Amino acid sequence: LHTQPHGHDVTISAWILRQFPSDGVRRRQWKALVHKHRKMNLWIQPGGHVEHTENPWQALAHELHEETGYSIDQLSVLQPWDRLPDGIHDL
55 LHTQPHGHDV TISAWILRQF PSDGVRRRQW KALVHKHRKM NLWIQPGGHV EHTENPWQAL
115 AHELHEETGY SIDQLSVLQP WDRLPDGIHD L
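Heads up, the sequence shown is in our numbering, so the first residue is 55 and it goes up one at a time.
For the record, the hints were derived by calculation from the structure and aren't laboratory data.
Computed Cβ-Cβ distance ranges for the label pairs, DEER-style:
1. S76 to W111: 32 to 42 Å
2. I70 to N109: 14 to 24 Å
3. H119 to K93: 16 to 26 Å
4. S125 to M94: 20 to 30 Å
Since the model is a prediction, treat every value here as computed from it, not as a measurement.
Ideal Cβ placement from N, Cα and C applies to all residues, glycine included.
Kindly produce the complete structure, drawing on both the sequences and the hints.
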């Protein structure tokens, strides 16, 4: 979604974290779900572009399902983060 000519795309992403308990040998640890972005050839968190017909939560729901198979109902929101301080993040 371009909000204005020569503007930046509006995108969303989500970190999916899972906590694994201690097994007596290893300490409790967190793991993050990432996938390989086919165009950028990077391992990143699920996410994508917000379409003209979507709000950010709808976009997040469809991107999560598309890229991971998870339904947003299967996950808990820990902390929504609306934007970076300057509103722009380039990879």
